[in-house]
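Student: Construct the entire structure; sequences and hints are all you get.
As they're listed, the protein sequences go chains W and B. Each step along the first sequence adds one to the number in numbering that gives the first Met the number 0, with nothing skipped, and position 195 is 194. Each step along the second sequence adds one to the number in numbering that gives the first Met the number 0, with nothing skipped, and position 120 is 119.
Because the hints were derived from the structure by calculation, they are not lab data. Fair warning: this is a prediction, and the values are worked out from it, not measured in the lab. Just so you know, not all the hints are guaranteed correct.
Think about it this way: if two alpha-carbon atoms lie no more than 20 Å apart in a straight line, the pair counts; the simulated EDC-like pairs of lysine to aspartate or glutamate are [what the hints assert, rightly or not]:
1) Lys143/W / Glu128/W
2) Lys143/W / Asp182/W
3) Lys2/B / Asp498/W
4) Lys2/B / Asp507/W
5) Lys143/W / Glu38/W
6) Lys143/W / Asp127/W
7) Lys2/B / Asp500/W
8) Lys17/B / Asp141/B
9) Lys17/B / Glu144/B
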Amino acid sequence: MTSDPQAAGAVNEDAPQGDPIDDLLPTGAVLATRLADGEWHRLHPATPLLRGGIVIIALASYFISQARQQLIDFVLGDPHAHDDSDPITLLTNHGRLIPVLLGIALVLILIVVGFYFSWRVHSFRITDEVVEVRSGLIRRSYRKGRLDRIQGINIVRPFFARLFGAARLEIDVAGHDANVRLDYLSSSNADGLRRDILRLASGTREREAEQARVADPRGFVEQRVAEFIAPELDPSAAPAESVVRVHIGRLIGSILLHDTTFTLIVLIVAAAIASAALGRGFVAIALVPFVLGLGSFLLRRFTKSLRYSIAATPDGVRVGFGLLTLSNETLPPGRIHSVQVRQPILWRFPGWWEVKVNRASKSNAKGADAQRNTTILPVGNLEDVLRVLALLLPSLGAEATDALRSGIVGTGDASGFTNSPRRARLFRPLSRQRNGFASLPGAILLREGAVWRRLTVVPEARVQSVAITQGPAYRVFGLARVHVHTVVGPVRAELGAVDRDVAIQFFDRVSLEVVEAVRSDPSHRWRADGKPA
Amino acid sequence: MTKRLDLPDVVWRRVSPKYVIVDLTSAAVVTIALVAAACIPVFVSHFTALWAIPAVVLVIMILVLAFIPRRVRAIGYQLRDDDLLFRRGLLFQRFVSVPYGRMQLVDVTRGPVSRILGLSDLHFVTAAASSGVMIPGLLAGDAEELRDHLVSLAETRRAGL
Numbered sequence: 000m001t002s003d004p005q006a007a008g009a010v011n012e013d014a015p016q017g018d019p020i021d022d023l024l025p026t027g028a029v030l031a032t033r034l035a036d037g038e039w040h041r042l043h044p045a046t047p048l049l050r051g052g053i054v055i056i057a058l059a060s061y062f063i064s065q066a067r068q069q070l071i072d073f074v075l076g077d078p079h080a081h082d083d084s085d086p087i088t089l090l091t092n093h094g095r096l097i098p099v100l101l102g103i104a105l106v107l108i109l110i111v112v113g114f115y116f117s118w119r120v121h122s123f124r125i126t127d128e129v130v131e132v133r134s135g136l137i138r139r140s141y142r143k144g145r146l147d148r149i150q151g152i153n154i155v156r157p158f159f160a161r162l163f164g165a166a167r168l169e170i171d172v173a174g175h176d177a178n179v180r181l182d183y184l185s186s187s188n189a190d191g192l193r194r195d196i197l198r199l200a201s202g203t204r205e206r207e208a209e210q211a212r213v214a215d216p217r218g219f220v221e222q223r224v225a226e227f228i229a230p231e232l233d234p235s236a237a238p239a240e241s242v243v244r245v246h247i248g249r250l251i252g253s254i255l256l257h258d259t260t261f262t263l264i265v266l267i268v269a270a271a272i273a274s275a276a277l278g279r280g281f282v283a284i285a286l287v288p289f290v291l292g293l294g295s296f297l298l299r300r301f302t303k304s305l306r307y308s309i310a311a312t313p314d315g316v317r318v319g320f321g322l323l324t325l326s327n328e329t330l331p332p333g334r335i336h337s338v339q340v341r342q343p344i345l346w347r348f349p350g351w352w353e354v355k356v357n358r359a360s361k362s363n364a365k366g367a368d369a370q371r372n373t374t375i376l377p378v379g380n381l382e383d384v385l386r387v388l389a390l391l392l393p394s395l396g397a398e399a400t401d402a403l404r405s406g407i408v409g410t411g412d413a414s415g416f417t418n419s420p421r422r423a424r425l426f427r428p429l430s431r432q433r434n435g436f437a438s439l440p441g442a443i444l445l446r447e448g449a450v451w452r453r454l455t456v457v458p459e460a461r462v463q464s465v466a467i468t469q470g471p472a473y474r475v476f477g478l479a480r481v482h483v484h485t486v487v488g489p490v491r492a493e494l495g496a497v498d499r500d501v502a503i504q505f506f507d508r509v510s511l512e513v514v515e516a517v518r519s520d521p522s523h524r525w526r527a528d529g530k531p532a
Numbered sequence: 000m001t002k003r004l005d006l007p008d009v010v011w012r013r014v015s016p017k018y019v020i021v022d023l024t025s026a027a028v029v030t031i032a033l034v035a036a037a038c039i040p041v042f043v044s045h046f047t048a049l050w051a052i053p054a055v056v057l058v059i060m061i062l063v064l065a066f067i068p069r070r071v072r073a074i075g076y077q078l079r080d081d082d083l084l085f086r087r088g089l090l091f092q093r094f095v096s097v098p099y100g101r102m103q104l105v106d107v108t109r110g111p112v113s114r115i116l117g118l119s120d121l122h123f124v125t126a127a128a129s130s131g132v133m134i135p136g137l138l139a140g141d142a143e144e145l146r147d148h149l150v151s152l153a154e155t156r157r158a159g160l
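Tutor: In structure tokens, the structure reads:
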């Protein structure tokens, strides 16, 4: 034990109480938890069980379902149970049940021992500069993320983990699948640790002393129940109310009117007509995979969007949702690379919109998580959208509201928009009056579409490069396409059918403004200058 | 009035004329492969009218090959004070401006034909996949010099994402 220098430190999940912890801290500040003190810590003891939980449950349910008939027979005393295909019957009949059970017990013991050791070697450390995680018994792995490159911190509480009062902390660092995951921590630690990491990452050197945490007088069970019910882990950490409420009726309506549902219905109707016309059912059968795929997409969208909340915190925007698996993510300022407000065609009647963003981190490739990462507002009316935009792009200020509103629903050259010229009407027959761009201080607005309306906002400090292109058709009409490149995501910031000269001016001006915006951008240490964000 | 895209104030630095050979070689290989593939229907069906397919492919590819020298001459770049400008394309023109601070890495690569001719390609990679700045056909020494220059420029203008 003492031969391992890392194991000798404070590796317990909760450090011993009553330490003069302030002396240990790298910057002499008081943090909400004792986990961000630059020492190695271990995770929640139930971690291996929770990470391997699905497998264990699957195995257990398999055995139970296999043994069910035996149990019923045993209880009811049915003498006619002689199904040779059943493995347990087979084993009993050959007198080998006991050795097999012993073997299973041995395997279980080995698994538990393996879990224990894998938990022992799985530890993390958070310092002023980096967060590090090392794990693995046989294949060692080591991950390190720089705090100033944090793109977001996500607390996920899967249903199973909630029963144990555990939560997963995901620290998104820029890059594809470059997350540092701390799974699992106890729920209260997870929230405190998030605040600590954000505080360390924000560059705040003079941190206000946090009042000592009051010991929770409630018993174990009451605390679990309270944690299980609470939508936010730590109510005091979320002073701001959610600025948007998504009522369940609106959510259901938004999904019923979504383009995907529309496609689904069109497909089904087409299949029904085709089947009736041909007098055969096989056309409908060919559609089954599509229907299942689209249906599961919609269902996932629904469950992922339940209990949605978005609020401003001192360290960025906090977005939470989920019914069974709660997810609650904090995006520090300047981590949003582009924003798109768009309206599926059928949402026009109720006046709903959705907001998507591009971010530098791809949380993980899981389809179910893709929505959480890029959809900031699943459905909302115009006022909701404007409130969300004000949260996402605080630098724009209140005077930008007019331009944003005009960008979402407006037409013509009001609020500083430059539209496509008349000769572009061949390319934009319906949307020429909408197709245009505007520049706000620090942001570029691209407005498109009369039927599928879209507004793309790109903060200039986040632009990677600017481009203009022209193909042969655009050349004949003296037009060009402008592109604003940001990190990869669902939002593509480009605008076609722009007047050639205007496009060149746009290119010249924006490339200069981007350089200036990049130079003066403070967001990688967003509170380093001492003033609250 | 010209309707082509152009940036009037920029004096472009051009790539080596030898790059024409590199581009011609790779286009010739593609031409042979495409024409060979286009011949397959004829041999499978023995239907002589299908010779039209490889003929059309050949004519298109000869046009492509004929325009390669002009396309290479259309490639240009310029180091401005704070950003790298890059242009390419004849029929489909593209102009890109990348601030030096946005550089994530710069990569110098050489293909087999380029190596024989002493040329290198320089890739300027940003966090956006769509930036796509690749300056081909630089003399090997120039490419390394440009790489070091870009790295030092990016160092002085270091920025987050």
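Student: It remains to establish, for every hint, whether it holds in the given structure.
Tutor: Now for the hints, and whether the structure bears them out:
1. Lys143/W / Glu128/W: 10 Å, holds
2. Lys143/W / Asp182/W: Measuring from Cα to Cα gives roughly 15 Å; hence the hint holds.
3. Lys2/B / Asp498/W: With a Cα-Cα distance of about 10 Å, the restraint between lysine 2/B and aspartate 498/W holds, given a limit of 20 Å.
4. Lys2/B / Asp507/W: 17 Å, holds
5. Lys143/W / Glu38/W: Roughly 14 Å separates the two Cα atoms, so the pair holds.
6. Lys143/W / Asp127/W: 13 Å, holds
7. Lys2/B / Asp500/W: At roughly 9 Å apart (the allowed maximum being 20 Å), aspartate 500/W and lysine 2/B satisfy the hint.
8. Lys17/B / Asp141/B: The given pair, whose Cα atoms are some 14 Å apart, holds under the 20 Å limit.
9. Lys17/B / Glu144/B: 19 Å, holds
In the structure shown, no violation is registered for any of the earlier numbered hints.
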